[in-house]
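Peer 1: Now for the letters of each chain:
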Amino acid sequence: MRRPEIWRTTTFRLALVYGAVFAAGVVALLGLIYASAAVFLTHQMDEIVIGQARALQSVPAAALPEQMRQVETQDVRNVNFYGLFSRDGAWIAGNVRRLPADVPVNGVPRELRGPGFQPGARALAERLPSGDILFVGFDAKTLSGLRTIILASLIWSGALIIILGLSLGAALSLGPLRRIRAVQAASLPILDGDVSARLPTSNRRDEIDMLAGIANNMMDEVERLLWAVKSVGDNVAHDLRTPLTRLRALLYRVRQEAGEGDTHLVMLDQALGETDALLGRFKAIQRISEIDRRERRAGFADVRLQALVEEISDLYGPLAEDHGLTFSAETEAPCVIRADRELLFEALSNLVGNAVKFTPTGGAIRLKLVRLNEGPRLEIIDNGPGVPESERDAVLQRFYRGQNGREAPGSGLGLSIVAAVARLHDFRLALDDASPGLRVVLDCWPVAMSY
Amino acid sequence: MTRILAIEDDETTAREIVSELSRHGFSVEWVADGRQGLVRAVSGEFDAVTLDRMLPGVDGLTIVSVMRNAGIEAPVLMISALTEVDERVRGLRAGGDDYMTKPFASEEMAARLEVLLRRARPQARQTVLRVKDLELDLVTREVRRGGRELGLLPTEFKLLEFLMRNSGQVLTRTMIFEAIWGYHFDPGTNLIDVHLGRLRRKVDQPGLAPLIKTIRGSGYALNATS
Numbered sequence: 001m002r003r004p005e006i007w008r009t010t011t012f013r014l015a016l017v018y019g020a021v022f023a024a025g026v027v028a029l030l031g032l033i034y035a036s037a038a039v040f041l042t043h044q045m046d047e048i049v050i051g052q053a054r055a056l057q058s059v060p061a062a063a064l065p066e067q068m069r070q071v072e073t074q075d076v077r078n079v080n081f082y083g084l085f086s087r088d089g090a091w092i093a094g095n096v097r098r099l100p101a102d103v104p105v106n107g108v109p110r111e112l113r114g115p116g117f118q119p120g121a122r123a124l125a126e127r128l129p130s131g132d133i134l135f136v137g138f139d140a141k142t143l144s145g146l147r148t149i150i151l152a153s154l155i156w157s158g159a160l161i162i163i164l165g166l167s168l169g170a171a172l173s174l175g176p177l178r179r180i181r182a183v184q185a186a187s188l189p190i191l192d193g194d195v196s197a198r199l200p201t202s203n204r205r206d207e208i209d210m211l212a213g214i215a216n217n218m219m220d221e222v223e224r225l226l227w228a229v230k231s232v233g234d235n236v237a238h239d240l241r242t243p244l245t246r247l248r249a250l251l252y253r254v255r256q257e258a259g260e261g262d263t264h265l266v267m268l269d270q271a272l273g274e275t276d277a278l279l280g281r282f283k284a285i286q287r288i289s290e291i292d293r294r295e296r297r298a299g300f301a302d303v304r305l306q307a308l309v310e311e312i313s314d315l316y317g318p319l320a321e322d323h324g325l326t327f328s329a330e331t332e333a334p335c336v337i338r339a340d341r342e343l344l345f346e347a348l349s350n351l352v353g354n355a356v357k358f359t360p361t362g363g364a365i366r367l368k369l370v371r372l373n374e375g376p377r378l379e380i381i382d383n384g385p386g387v388p389e390s391e392r393d394a395v396l397q398r399f400y401r402g403q404n405g406r407e408a409p410g411s412g413l414g415l416s417i418v419a420a421v422a423r424l425h426d427f428r429l430a431l432d433d434a435s436p437g438l439r440v441v442l443d444c445w446p447v448a449m450s451y
Numbered sequence: 001m002t003r004i005l006a007i008e009d010d011e012t013t014a015r016e017i018v019s020e021l022s023r024h025g026f027s028v029e030w031v032a033d034g035r036q037g038l039v040r041a042v043s044g045e046f047d048a049v050t051l052d053r054m055l056p057g058v059d060g061l062t063i064v065s066v067m068r069n070a071g072i073e074a075p076v077l078m079i080s081a082l083t084e085v086d087e088r089v090r091g092l093r094a095g096g097d098d099y100m101t102k103p104f105a106s107e108e109m110a111a112r113l114e115v116l117l118r119r120a121r122p123q124a125r126q127t128v129l130r131v132k133d134l135e136l137d138l139v140t141r142e143v144r145r146g147g148r149e150l151g152l153l154p155t156e157f158k159l160l161e162f163l164m165r166n167s168g169q170v171l172t173r174t175m176i177f178e179a180i181w182g183y184h185f186d187p188g189t190n191l192i193d194v195h196l197g198r199l200r201r202k203v204d205q206p207g208l209a210p211l212i213k214t215i216r217g218s219g220y221a222l223n224a225t226s
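Note that the protein sequences, when read in sequence, are chains S and A. For the record, in the first sequence the residue sitting at position 238 is 238 according to my numbering, with numbers rising by one throughout. For the record, in the second sequence the residue sitting at position 150 is 150 according to my numbering, with numbers rising by one throughout.
What the hints contain is simulated information worked out from the structure, not anything from laboratory work. Where a beta carbon is used, it is the ideal one built from N, C-alpha and C, also for glycine. Incorrect hints may have been included.
Coverage of chain A stretches by chain S, computed from C-beta distances (three or more under 8 Å per stretch; other residues unrestricted) [claimed, not checked]: (1) 83–89; (2) 105–112; (3) 191–203; (4) 216–223.
Heads up, incomplete: computed chain A residues facing chain S, CB under 7 Å, no partners named [to be verified]: (5) T155; (6) Y183; (7) F185; (8) D186.
The list that follows gives simulated cross-link-like pairs (lysine to aspartate or glutamate, DMTMM-like), each with its CA atoms no further than 20 Å apart [claimed, not checked]: (9) K202(A) with E321(S); (10) K230(S) with E84(A); (11) K213(A) with D133(A); (12) K102(A) with E290(S); (13) K202(A) with E142(A); (14) K230(S) with E260(S); (15) K132(A) with E149(A); (16) K102(A) with D234(S); (17) K213(A) with E260(S).
Next comes chain S alone, as it looks inside the complex (with noise of 0.2 Å):
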């Protein structure tokens, strides 16, 4: 499974596009303030243009050059400008040398463009009646002034809403990533079939706990229809046991009562064997539902492993010599685990009769009880047919057969018995290739302590 990724979260995403459009609308408010203040100031300005162009126009015409001299001397920030200016263009007073050539000659305050004036700057040109031709300019450089302010927060207040909204995304990431991550590792004992596992969920009733909340209702649900398959199973076994034991009942008894001379004898024998076979096949399911349902550790003791191994070898060493197969038993150093010796023996007990009964004859199994770090472990070793992957995992199923098992007698419910007995100790049941034959190993350590 793969690990969130901060930048992939929800909260994150959320806080980035926030923030572009916090940014967005601070660059529109700037730039609003800076349209208006233009509008405004331009008036304000183009107001002192044509106020001065008045009131340099009632001056007379011969007093004018000495009143503009004056006023200049007065214009300490250097804000006004002024020209006058002859009928053809000859320059006569002012501060402005040549009369600017984008300025009609009409009284009408346009903005000043050229070299020496601030953007924003302000001048009109307008006839006087002499002729001549009065200049008036203004350049307050307040715009310029702020644009510079505006251009200025704009850079430093983008800035903030970047690295703000980032760190406030990552941080506000953080508690959904935490639980999520917490969701993921609740969900890994779901993946390895532990049904009755469920998700965290906090109190917060947030989105997480909504979908938690969603997947635990799943969940429920598929634990019921899980335990209802399960239990149509038992319940089929069960109540199909009574009759059948009935039946089997009358049958022996038309079998004693049968003379030995006669015909129907064999089939008698065969009718019973089926019906124990069918016995055989309802117990074995009833017993892995009995095993499931165990309290774990109810049963638990100190077992010598080792002694276990020699029962086994006892009981289904002579078995495996009758089928022509040679069996061993190794077993390493003593070792004495908590288990259910029972349950324990009956795995062993599937195992080795399995092994036997696929093993063709002049085979060999192996029992051997090895003792790694973690603990002891159990290994049927056969050189038989084998298992392929493909059906590794399936054969702990319940009624599954290995195609090459099709005819051998049994229930097929061996190795579920096996595997409901490991889930109880929690130890780990897995098949292997002993190329050529199979390999059972049961790790006989809580699968728990490996993690």
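Please arrange chain A on chain S, whose structure you already have, making use of the hints.
Peer 2: Leaving out everything else, chain A in the frame of chain S:
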């Protein structure tokens, strides 16, 4: 005549028990209710009791522990629908002598009861078991047939001892597995047959009258008359 008390609330099961045990020559009294069953059980009139674990009134476990406290030593075969291993342990701990789960084969029930009755019968402390010309010495652990030492392995010895102690009695494979190996699951396959076969090869050598008899569809018996 051997008297058996059957305490069982399910009528069909009860009828099965009564008819099977009657066929085996026992006189059977049936009680369906726990309270009444308790009264009959402590009366001491019976040689053995088959006891349902779950009963209306008084529960089977209570009946058997009251019986034991009252000093009634008659063997009790507990019959229960509860298959859990813990239930078996609980039943035996309360004083039951054997435990069967429902549904059961009635002839196995009868066989188990007969084994219990035989075990309960006062026996002189024997050190040598004898069946016809077969001799099993419990002290020297030697087995002879017609004076010839058979050289049995430990498991074979235990098996033969069990058969000899219950000679003439049908013993099912399950009973043999439980008695010799002490486990209560179905070992399947012909596991028990193989062990019996080995024992038979040593005990019933060619030329000798066969002592170990296979009872079709049921189990084995040593020196069975029928």
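Peer 1: With the threshold set at 20 Å, check whether the alpha-carbon distance from K102(A) to D234(S) stays at or below it.
Peer 2: holds, 15 Å
Peer 1: Taking only the CA atoms, is the gap from K230(S) to E84(A) under or equal to 20 Å?
Peer 2: holds, 18 Å
Peer 1: Please verify the coverage claim for the stretch 105–112 of chain A: does it have three or more residues whose C-beta sits within 8 Å of some C-beta in chain S?
Peer 2: holds (count 3)
Peer 1: D186(A) was flagged as interface toward chain S. Is the shortest Cβ-Cβ separation under 7 Å?
Peer 2: holds, 6 Å
Peer 1: At a Cβ distance under 8 Å, does chain S reach at least three residues of the stretch 191–203 of chain A?
Peer 2: Answer holds; 5 residues pass the 8 Å Cβ test.
Peer 1: Count the residues of the stretch 216–223 of chain A whose Cβ falls closer than 8 Å to any Cβ of chain S, and tell me whether that reaches three.
Peer 2: Answer holds; 3 residues pass the 8 Å Cβ test.
Peer 1: Between K230(S) and E260(S), does the CA-CA distance stay at or below 20 Å?
Peer 2: violated, 44 Å
Peer 1: Has the given pair, K213(A) with D133(A), been kept, meaning a C-alpha gap of at most 20 Å?
Peer 2: holds, 16 Å
Peer 1: For the stretch 83–89 of chain A, does the count of residues with a C-beta closer than 8 Å to a C-beta of chain S reach 3?
Peer 2: With 5 residues close enough to chain S, the hint holds.
Peer 1: Regarding the pair K202(A) and E142(A), is the alpha-carbon distance no greater than 20 Å?
Peer 2: holds, 13 Å
Peer 1: Take the shortest C-beta to C-beta distance between F185(A) and chain S; is it under 7 Å?
Peer 2: holds, 5 Å
Peer 1: Check the hint pairing K202(A) with E321(S) against an upper bound of 20 Å on the C-alpha distance.
Peer 2: holds, 16 Å
The structure fails to meet hint 14 from the earlier list, while all remaining hints are met.
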